Amino acid sequence: MSKKNKNKLDIAAQQAAENAAALEALKKRREKEHRKMERSKGTNKRVGKSWKNDVGIFLLLTVLGLFMIFPIYLSVINSMKPVNEFFIFPPKLYVMQPTTDNFRDLFKVANNSWVPFSRNIFNSIFVTVVATFFEVIFASMAAFILAKCRFPGVKFLNQVIVISLLFQSTVIYIMQYIVMAKLGMINTYSALILPLIPSSMGLFLMRQSISQIPDAMIEAAKVDGAGLMKICWGIVMPNNKPALMTIIIFQFQAAWNANGGSMVYDEALKTIPVVVQQIAAAGIARQGAVYASAVILMIPPLAIFIAAQSQVMETMAHAGMKD
Amino acid sequence: MAYKSAEEILLPNERKMSAKEKREYTLHEMKRNKICYLMIAPFMLLFLVFTVIPIIMSLPMGFCDFDMAHFPRWVGLQNFYTLFIEDDVFLGSIRTTLIFALFTGPLSYALSFLLAWLINELHPVLKTAFTLIFYAPSMAGNIYFVWQLIFSGDSYGYLNSVLLDLSIITTPIQWLTDANYLLICVIIVQLWISMGAGFLALRAGFQGIDKSMYEAGAIEGISNRWQELIHITLPSMGPQLMFAAVMQIVSSFTVDIVGRMLCGFPSTDYKAHTIMTHAFDYGWVRYEMGYASAVCFVLFIAMLVCNNVISRILGKYMD
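Chains A and B, in that order, give the protein sequences.
Just so we're aligned, residue 1 is where the first sequence starts under the numbering used here, counting upward by one.
Just so we're aligned, residue 1 is where the second sequence starts under the numbering used here, counting upward by one.
Just so you know, these hints were derived from the structure itself, not from any lab.
Every value quoted in this text rests on a predicted model; they were computed, and no experiment measured them.
There is no bait here: all hints are sound.
A few chain B residues that don't get close to chain A, going by computed Cβ distances all over 12 Å:
hint	residue
1	ILE99
2	THR170
3	GLN174
4	ALA179
5	THR268
Quick list of in silico lysine-lysine cross-link-like pairs, DSS-like style, CA-CA up to 27 Å:
hint	chain 1	residue 1	chain 2	residue 2
6	B	LYS31	A	LYS230
7	A	LYS230	B	LYS34
8	A	LYS222	B	LYS34
9	B	LYS316	A	LYS155
The beta-carbon is built from N, C-alpha and C at its ideal position, and this holds for glycine as well.
Isolated chain A (complex conformation) (with noise of 0.2 Å):
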């Protein structure tokens, strides 16, 4: 084997155990900031610390707790009960007859619309999944670049993304059908994903988690001759999980939540909040039905939500904002 040949192979090697020692170092860090979150959720001596606050605590929060839950409960029984028990009085704190009655009330009434509820399920479904997926890419890309890479106008896009977090999509909404209506995107699916995609607290949220691993781990592999592209979903991505599962979450609920009526008038593009509101302006006679619908609205957020709490909770450690 020629000098030459072996040097370059002593460089590489190098380099690899280079960025194998970052890897560890960020590895490390992680476990660090696990055992220093353990260590907090601990029970250690503290300053004023007694069982007798700590029920004090406990009896505080479980009020308000019951407070916070309560409208949830409701909503859970009232979509269990028969016509009947709406209309008992004094009303009733539980379901005496239990019935599924409003969830096949539900699907009949869906149904009998002009398009069957399948349709609208698919589209909440579809729109869910296309808007978090291309989110999910397009923000860890831009936060991957904005987090670490010095070029001309980074600065000024930080900060744009910054001030943007205050124009969520609920401000904008109406500035935003006059756009699109000049876009002529008015009553296609476009309407209802492409604005979800560009979502400033997804890019955010990943940008401050980006920004706590540490700079030698991608000079390593950019000496390796990695190209952004390659870092940024080689090393960068696998390293950032609990992030990575964070916006897919607030972006699951956005999209699962967006009642993009007004975009779209065609009953086939319609999404199960805009079909719930039209069975609820039904009034009382659909009351079984629109908290049926309410309780199957809720639940996949939820669900999703309980399985990655503590992923969540990582990441919203990094949230803050610091000028």
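With chain A held as given, fit chain B onto it using these hints.
Below, chain B alone, put in the same frame as chain A:
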């Protein structure tokens, strides 16, 4: 065109770059980082079309008379004149929005901070459970219409039935249509759904504070939890506080749909009529998009100003 070698330009403090050199250097840097621009392009393009342009466009549209069907007609300051001088409903809506921005916003901010703090004092299992309970309403999205059952104006309403039972009232109160009560009801529901991303950030912030800080504090003579909160916890949570503040501004300036759903639209005496509701009214109901844009523009400015004030205050506190 040949530009000077990188060293020559990059040498700091040697001499000031001329405007032309600066431009060339920037151009050079832009070319060198082409891939960066390519990678942010998909997000930024959509961001430009669906966020930046709508915000910026609200100003020129505000100067127009526009109904979506005809070409926008320039009317100058007419919309803004009508808005602030003649439109009594709008002036009322400013009042309602200010109630939410100056009263409900800080209240729910303090509440989410307090709750995050209290939850953090508990056992890990309870922590998870309570976080979920308090975050659930904001996650459940469109479910606020259940409050209609609670605030229902007849005796089937839960609140009325309890109050009647306890003989506190003798006739049912029309919570959602009585001008005296409806704003309070909307405020309660708004507080109920306000424990969102900001609350989560605060919860995580508390969790991330180094335990040893407290031990050091105890040695330094901190004697109760209140002092601990003021001297140790708060100063190390500045960034999270800022993030939560932004989330709070967003939610308190955009109160709209809860009021419309619960109190009807328009609500009695326009009591639950916020600036957002006004924009909804002119945008979606009357299709006077020019006027609606003017309303939106005023709202954007108000939010930006509020954001600046809060970041100043928090910035001072953090240093």
